[in-house]
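Undergrad: Now for the letters of each chain:
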Amino acid sequence: MNTVKLYLHSMKMLLKSQLQYPWSFCLQTIAQIVMEGGEMMAVLLILNRFQALNQWTGGDLLFFFGIMSITFYLTECFGRGITGNFAALIRSGNLDTFFLRPRGIMTQVLCHAIDPRRIGCIAVGAAALALGCRESGVIWTVPKIFLFTEAVFFGMLLILGLFLIEAVFAVHSVKSIELVNAVTYGGRSACQYPIDIYPGPLRVLFGTLAPFALVLHVPATVILDKPLMGMDGAIAFLCPMAGLMFFIIMYFVFQKAMKYYRSTGS
Amino acid sequence: MRKYLSTFLMRWKMEIQYRGAALGGIVCQMVFGLILIALYRALYLGSPQAMPLSSICTYVWLQQAFFRMLLSSDNDLMDKIRTGGIAYELCRPVNLYGYYYARIGAMKLMGSLLRAVPMLLFASLLPAGWGIAAPASLPALLCALMGLGLGLLCMCALENITMGISMRTIDFRGFQALLNLLMTTFSGNILPLTLFPESWQQVVQLLPYAQLLDAPIRLYTGETPLSAAGSTFLIQLIWLGIFLAIGIHLWQKNTRKMIVQGG
Numbered sequence: 001m002n003t004v005k006l007y008l009h010s011m012k013m014l015l016k017s018q019l020q021y022p023w024s025f026c027l028q029t030i031a032q033i034v035m036e037g038g039e040m041m042a043v044l045l046i047l048n049r050f051q052a053l054n055q056w057t058g059g060d061l062l063f064f065f066g067i068m069s070i071t072f073y074l075t076e077c078f079g080r081g082i083t084g085n086f087a088a089l090i091r092s093g094n095l096d097t098f099f100l101r102p103r104g105i106m107t108q109v110l111c112h113a114i115d116p117r118r119i120g121c122i123a124v125g126a127a128a129l130a131l132g133c134r135e136s137g138v139i140w141t142v143p144k145i146f147l148f149t150e151a152v153f154f155g156m157l158l159i160l161g162l163f164l165i166e167a168v169f170a171v172h173s174v175k176s177i178e179l180v181n182a183v184t185y186g187g188r189s190a191c192q193y194p195i196d197i198y199p200g201p202l203r204v205l206f207g208t209l210a211p212f213a214l215v216l217h218v219p220a221t222v223i224l225d226k227p228l229m230g231m232d233g234a235i236a237f238l239c240p241m242a243g244l245m246f247f248i249i250m251y252f253v254f255q256k257a258m259k260y261y262r263s264t265g266s
Numbered sequence: 001m002r003k004y005l006s007t008f009l010m011r012w013k014m015e016i017q018y019r020g021a022a023l024g025g026i027v028c029q030m031v032f033g034l035i036l037i038a039l040y041r042a043l044y045l046g047s048p049q050a051m052p053l054s055s056i057c058t059y060v061w062l063q064q065a066f067f068r069m070l071l072s073s074d075n076d077l078m079d080k081i082r083t084g085g086i087a088y089e090l091c092r093p094v095n096l097y098g099y100y101y102a103r104i105g106a107m108k109l110m111g112s113l114l115r116a117v118p119m120l121l122f123a124s125l126l127p128a129g130w131g132i133a134a135p136a137s138l139p140a141l142l143c144a145l146m147g148l149g150l151g152l153l154c155m156c157a158l159e160n161i162t163m164g165i166s167m168r169t170i171d172f173r174g175f176q177a178l179l180n181l182l183m184t185t186f187s188g189n190i191l192p193l194t195l196f197p198e199s200w201q202q203v204v205q206l207l208p209y210a211q212l213l214d215a216p217i218r219l220y221t222g223e224t225p226l227s228a229a230g231s232t233f234l235i236q237l238i239w240l241g242i243f244l245a246i247g248i249h250l251w252q253k254n255t256r257k258m259i260v261q262g263g
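Quick note, the sequences are listed as chains A and B, same order. The opening residue of the first sequence carries number 1 in the numbering used here; numbering runs sequentially from there. The opening residue of the second sequence carries number 1 in the numbering used here; numbering runs sequentially from there.
Excised from the complex, chain A in its bound form (with noise of 0.2 Å):
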């Protein structure tokens, strides 16, 4: 509990320190709504041309869209510490006075960085969520709003702990590596729209070893009322555990990682 009142009081603090300049805040911030809303508008000319996707409506691909980016940017802006640049940290030697301090390390990068910015996309993303509802005449029931919060917790895990991964090589080579990026923005790109539009291939890297499948496309399909392969009911809400199963495992990964930490001196 302690943990969660260190972290709560940080992000107070950062965000504090983040708005002395106010002025430069508001324009990164619209600057992000305009980036996110670019995303948006792509889905609608999509929809303008191709009216749907498969089974999918354009309500359902505009509540696909709003989940994800809901979720992604989440994770950005309160998990910043570890999906801003955690290789900068290593490579600057910063990290070296984390392991000084009476905490755990984890916890001191989280708590060293937040993205406030990141509330123009998420603003975007609820905007799309919103229509998509709309236009899909989905009912919120109290279960479906449970289901909906656990996707985007469990969800907000997972990309984490993808993130983690780039952390985790960034200890052995100091310097970030790209190549991850295929899993974590892919990711984001990709499970914009719905997993069964996919070949196979892509369907085996997105639904099992990043499994944005699993935490995000099976709860919104059950709140569509389309479940996806028949995952519907209690096996609906065991799903996004997928992420937080992930994210346990790269945590012990990323501990193990650090006990090879070499400091670069500098």
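If a hint is listed, it holds; no wrong ones were tucked in.
To give a feel for the contact side, a few chain A residues facing chain B, derived at Cβ under 8 Å:
| # | residue |
| --- | --- |
| 1 | A31 |
| 2 | M41 |
| 3 | A42 |
| 4 | I46 |
| 5 | F50 |
| 6 | L53 |
| 7 | L179 |
| 8 | S189 |
| 9 | I197 |
| 10 | P199 |
| 11 | L202 |
Keep in mind that the hints were calculated from the coordinates and are not lab data. Note that the Cβ used here is the ideal one computed from N, Cα and C, for glycine as well.
Once you've looked at the hints, dock chain B against the given chain A.
TA: Just chain B, lined up with the frame of chain A:
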């Protein structure tokens, strides 16, 4: 002229140093290309369009291959503006505008060639319907290359304007992000411009962002017939002229009245 050429070559050599770093980026870009094509294939399956699928694939691969040309990349000058190092730059016996123009040109050209060659090789090995198609004809290929060259000149001039404006504001990130966004949307990187609604296309095609990659790709796939290549080049030249005029004027004004940050 010689000093700008040697600036260009220096920067060119520097970019070659980062071959290793480029490799990870290339593989990543390939995965992105495959994901996009898988999406368009699924979309085409439901409702086939007038524009053949192979053209869309070609469009996606060429966009991915030359992606580096789109991004604004020269953060050196920005750092110098913030730290006050710009004072040293002003001492150089060169025209600052020309100096940075040559630098950016080399960065964009080398950076993207390093990535484009392996990517296009990979894309040409993929089966039809996934990979890149051959150009419409040899003259079409030559015209596309010419268009790409002109587009690159245009983009460098546009970037110099961005920097010129940044010089006045110190914190440039918000502004730069906005411009980058216009770039990725209206250059056809997020969604091929050929899939925009027809009425939009007529306007979007004329915008400067379409000149870098969209115009040459249309020449390559033969969507712009060779007879119309002249008007494509003309549009590019007009934008180039406008951007050069604005940029040079802006930089001249900036250098005459510059506030150097102490550092």
